[in-house]
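Chemist: Listed here are the chains, written in short residue letters.
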Amino acid sequence: MINATKNYFHFLWRCGRIAFVGDWRYYAWMGILSVIILLGINAYAKQFVHGLMVTGMSDQVSWGVYIANFTFIVGVAAAAAMLVIPVYIYDNKELHDLVIFGELLAVAAILMCLAFVTVDLGRPDRFWHLIPGIGKFNFPGSMLSWDVIVLNGYLLLNVHICGYLLYCRYQGRTPSKWFYIPFVFLAIGWAISIHTVTAFLYVGLGGRPFWNASIVGPRFLASAFTAGPAIIILALQVIRHVTDYRISDKALLTLRSIVQVSMLINVFLLFNEVFKEFYTRTSHVAASNYLYFGLHGFHALVPWIWTAILFNIVAMFILVLPMSKSLKYLNVACVLAIVGIWIEKGMGLVIPGFIPSPLGEMVEYTPSLNETLVCLGIWAFGLLAYTLFLRMSIPILQGRIAKSNEGASDDHLFAAGQKSDQTTASPHVTTTHI
Amino acid sequence: MTPNPPCSSGACNGGGGNGNGGMNRRSFLRTSGVLASGIAALAASLAPLRDLTDYTSAAEFMQKHYKELSKDDMDKVLDRITREVEKQYAIRPHVKDYKPMDGVEFVYCLNLTRCIGCRKCVHACVAENNQSRDPEIQYIRVLKMPHGSFDMEKGDHNYSTPTVPEKGFFYMPVQCQQCKNPPCVKVCPVEATWQETDGITVIDYDWCIGCRYCEAACPYFARRFNWTKPSIPKDSINPEMSYLGNRPRKQGVMEKCHFCIQRTRAGKYPACLEVCPAGARKFGNILDPNSEVSYILRTKKVFVQLKEELGTSPRFFYYFDV
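In the order they appear, the protein sequences are chains A and B. According to our numbering, the first sequence is numbered sequentially starting from 1. According to our numbering, the second sequence is numbered sequentially starting from 1.
Check the hints yourself; a few may be wrong.
To be verified - Result set (SDA-like, lysine to any residue): computed pairs, CA atoms no more than 20 Å apart in a straight line:
1) B:186 to A:137
2) B:307 to B:150
3) B:186 to A:130
4) B:67 to A:132
5) B:250 to B:52
6) B:250 to A:47
7) B:229 to A:49
As the list claims (entries may be wrong) - To spell it out: a stretch of chain B is covered by chain A in this simulated footprint if at least three of its residues, at any positions, have a beta carbon under 8 Å from a beta carbon of chain A; those stretches are:
8) 53-66
9) 204-217
Just so you know, these hints were derived from the structure itself, not from any lab. Computed from a predicted structure; not experimentally measured. Just so it is clear, CB atoms sit at the ideal spot from N, CA and C, and this is done for glycine as well.
Based on the sequences and whatever the hints tell you, model everything.
Modeler: Structure follows, in structure tokens:
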């Protein structure tokens, strides 16, 4: 027992050590991210002192970019399931080893989500009121309490699955199915639940007709399963480029077909919503009117939403056409889809819910500089976390950090951040599939 | 947690380093340099925290939920609030925890034919309930509406004519509707807001985490957030205070109309009613068949609950002289 604990801490120590090691590009990247994080911390410190006054929010538009980004990123986290489902349900071999990259992305994304909701709180010092058992948890009444459970549960599930598989790989033993397969399946359902619950946060509000529509949930899932795998496609190519970890084109193209189908569904559902609103033209169309065309002379969101629609439609066509079998075009489509959905699922969903106000007042919202810096800081934090996770897990997956080479120096890894021809850096590459 | 020095220069590549844990002087200096500048940068980024004036005391941080406070606990809390108010506003307040009365359910009736849109209720409310004056928080919003329409999108929130009422318009004050099915209560993740037995939906300002979900849920724009530290001139403080009502709030929590708990639970009328020069506002106990509100709801042919279709079942009724 003591030995096992010691081994485990040694494993963590080696992971921690490798995180500080890389080539100049690694240092430059982490350096830039750290600077942005510090700027974000600085902006948050100002907000902590002076209150949410330093944001662009108001009593009329009481949620802004924090919650908008939160909503988008919950979808990114949920999308890890789109890698897991093909592998564990359809037994797809190409994606097998890549599952872990998707799950690590989910972990980084959930950390970002937690950061985004925390900075949105007026009284972060009272966070403990939210802890079940200690505080006063309005469960099952409040959708927000469901969200606390599903997000933290999803975080734990993914940390467990990734951590267990990586540690087994490190030790060079085959993972025991009982220790992770049930959790993998639980995580698939859970992934869908995190985004459904987040959609229900909005859907459950009868006083906000823009959100109180049953199509919001399905649209959330469709857009998440577009943007999430699109991010993974880009991330995998970066991994392939800056390390010698091998990722086949075939794996990327499998993800392409997922993005392709999801994007078609996403655009179809958007069309459904637009039809319902504008064909019937009840008084509930006001928020949609504001979003797409502007209302009573206010039209801050109009250029944004049309950019999003344009991006989504162009991305859809590229994805459907055979041209996106070329990675160059696939990447363009992914970037367009990510940006399009970020606008549509973020600001495009959250802000019009508040405009016009329930009493018909028109008050617009523009994020302040301070608010934007906090957001950038959290994005940089998420990227930094994901980079660290990859930096630790790739050498383990490659067998470069393993129990069998525990005594040896890890110095040979100092260059591992670079693409090199030394694919045989370690003779202990294990063949265990995870 | 200090790792071995980074050897990005390439000098240590290929296993040519100095082995596990070995640390020469140069690398030690470099590592400490990086660490020191990292800590300095973090400290610099946290510099704005020096302006923090309003610390949360340990007693306030540990304070339990309103419903879990014993009589003794509550006495201590009221004592703490008294001292805080005294320190900040140089006035000794009477802070009490007014409880709902048995057999009472409050209801508000507002006569739209009579209301002249003078906004006296808005300002009486601010003065009574110790709302922040800068920025000013108001619980009542008066809409100027064109004759013949109940579409609030046609309402003018910011009218500023020298005299009221204007021909061709009617005026509709909106405040917390004290719903029987309050959406704001349902969504609160920490039960910081709830409905009392007399029908008033209250907020424990010391429990609210400031997520503003209730503000998003309210169909009547009745809730207000303290976006920054509230400021009230010392001579404008109303010293008659209640825990769930008009005691001064802190930065980062929600507040809203509570039917003037400190008045109505002591048998008085709300401040907005008392000040109304048109007699448009009626308030009372609906469980008492002889009350004014019971009479109005029994005899008026038409009255309106705002957004009735949402199923919130407001305790606030608009009626007309017809």
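Chemist: Okay, which hints does this one fail, numbers in order?
Modeler: No numbers; nothing is violated.
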